[in-house]
Every structure is written in C-alpha cells, then in structure tokens.
Amino acid sequence: MPAGRRRSRARSSTSWSASWLRAGISSSRSRQACAKPGSSLAGMASQLPRPHPPSISRGVVDVFEEIVELRRRGVPAALCTIIGTRGSTPGREAMRMLVCADGTFLGTIGGGCLEAEVYEAAKEVIRDEKTRTLSFKLTEFDTPENGLLCGGEVTVFVEPITTPTLLLFGGGHISKVVCHLATLAGFRVSIAEDRAEFCTVDRFPEATGLHVGAMTTLAKELPLGPGTYVVIVTRGHKGDGEVLAGLAERAQSGAKADQPRYLGMIGSRSKRTVLFRKLHKEVAVPQEWLDRVRSPVGLKIGARSHEEIAVAIVAEMIAVRRGAPDLRAP
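First residue of the sequence shown? That's 1 in my numbering, and the numbers climb one at a time after it.
Think of the hints as simulated: they come from the structure by calculation, not from any bench. Just to be clear, a hint being listed does not mean it is correct.
[Said to hold, decoys possible] In silico DMTMM-like links for lysine to aspartate or glutamate, alpha-carbon gap of 25 Å or less:
#1 K220 / E282
#2 K300 / E282
#3 K278 / E307
#4 K278 / E249
#5 K130 / E120
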C-alpha cells in the first residue's frame, strides 16, 4: 500500500444491529439501520464488528487507486457506494467505502451503525460475488448513542471487486490451454507441478505463480481460499490421488479458509470410482468430501481434443462463479 495510507480493522460496538443480514440477501427494501435500545437485536450487535474509518485526507481517489492494487494482487474486496439519499443523512451521494476480505477497509459512507451494517453486507458480497442494493430509513428507532438521529433515507450499492484464482495441478497439454482460457476469462492462474521442466514461464507465460514440488506437499501448503478454483490434471492416477489426499487432509483441519469454491478432477467415471474408493478405504478420506469433487471435470459438451476439454472446464468454472444452475450431467 502506498505510503501515507492506513487501513483500519473493524472494532466491536454495541450501538447497532445487523438483524437483516443473512446469506444470500439481495434487496432494495427499506429497513431501519439500528435496533431499539435494550432489544434482543441490539444485544446481538455487541458480538458483531463495527468498522472504524481510517484517517485519509487524500480524497476518494485513494479508493480507486487501491482497487487497482487489489486487482493486481488478486485480493477480493467489495466497493460500497451511496447511490441515493433523501432528507438528512450522515453520508452524501458518491461517498465510498472499500472493504477487503481480511476485514480491513478504506474510506467511509458516513459512519455509525449504517456503515457497520453495510460493512457486514460487503463481506457477504465478497463471498458470493453478487451485488446488493441496500436501502435504509434512519427513523425513530435511531438513538442518540448511535449518532444517527437524521430521519432521512440512504441507498447503498455494494459490488464485488474480485479476481478469482485458479490453481492448476499438472503442467500438461490440457493445463496449457486451460491456463490461457482462464486468464482470458479473468482468473489469476497458478501452476503446481512435480516436474520443473513442465512448470516454466515459457510454457505458461500467463501464469501468475509457478510452484514445483511434491504434489501432496503442494496440495497441503499452497494458498487456498473461498475464491480459489482448483483443477487437478496431473499426468496420472497417482498424482491425482496425491493431490486429493493432500487437499482432503487440509480440509479436515477445519479451516474454512482452506475450502476452495470449485474442485474438479479430470478422468472418466470409472477412474473416479476406483480412485475415490481407494482414498476412502486406505487414506480415510471422508466420502462426503469426495462427493464435492467434480469429476469428470467440465461441462458435458462432447469434448475430445485438449482445447475442447479446456473449454468445458473453464465454462464450468464460469458457471459456478456466476451462480448458474448445476449443468453437470447426471
């Protein structure tokens, strides 16, 4: 981050409520920004974070500069913009707040409990990459300690600023095409291989990361997250099994951040059946975890060539990212 900037982590507060925030909410309905004092909702608020605006004096341009930097680094974020106001409100139209996946943020939309609720909504937007339009009525439910005795209305638009990451295990022919197509589709691609000669800049010029090592070790240690897509296309069953075993062991640690959004493995149904049975019996990989693996990977379009298979894989990743219905064949 350029010198002179500072991000502030969220701080707890008892002055607001986020009762309306639920996974998947997307609404423009009016709502009160704060709960009545002493209500159960206000009590719940004490366990929820409240953002504290950083001291920024360089203006709104800093938000856009930060977006460019976050995109370059592949860090998920959400941009919150006031798109409408009516009456007396703490924020003005076009005020913006940028919320990052790690909880840090930049800018402000006026502070108070309204900003705290939008902050929580922004975290949901980062997770599901779906925009939200939120409308608030700053009514008689507001209290002096909230600092929002305004009586006006505010509408905030929250949009994802994300660059999804694709982690490709295997540096073969299909991976070359997948890397190229996924990059064109907006993914940051990293390659994981156990053969150095198959994991080079010349072979993968678009890749943002090249990792060489034992497949199991790479599967356990490479960065993963809710915005990560994983495709397993190693040169054989052994490598595929090592990657799956490493990822499964990692998942069993209970770290939610280590659960990729998409996990696919190339191969026929018969290969999948044999490999999954072996992993379940010999390595104790839970069947419910194996059921998450998309295999055969990719949409069923009759693909035969490396290029066609790559198209099917990237198309399925896009479908998952954009929330399309499950298009996998039974």
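Hint by hint, here is what the structure shows:
1. At most 25 Å may separate the alpha-carbon atoms for a hinted pair to count; K220 and E282 meet this at roughly 18 Å.
2. Taking the CA atoms of K300 and E282, the gap is about 31 Å. The hint is violated against a cut of 25 Å.
3. Between K278 and E307, the direct Cα distance comes to roughly 30 Å. Violation of the 25 Å bound is thereby established for this hinted pair.
4. Between the alpha carbons of K278 and E249 the distance comes to roughly 15 Å, so the proposed pair stays at or under 25 Å and holds.
5. At roughly 14 Å between alpha-carbon atoms, K130 and E120 fall within 25 Å of each other, so this suggested pair holds.
Figure legend: structure checked against the earlier numbered hints; hints not met, in rising order: 2 and 3.
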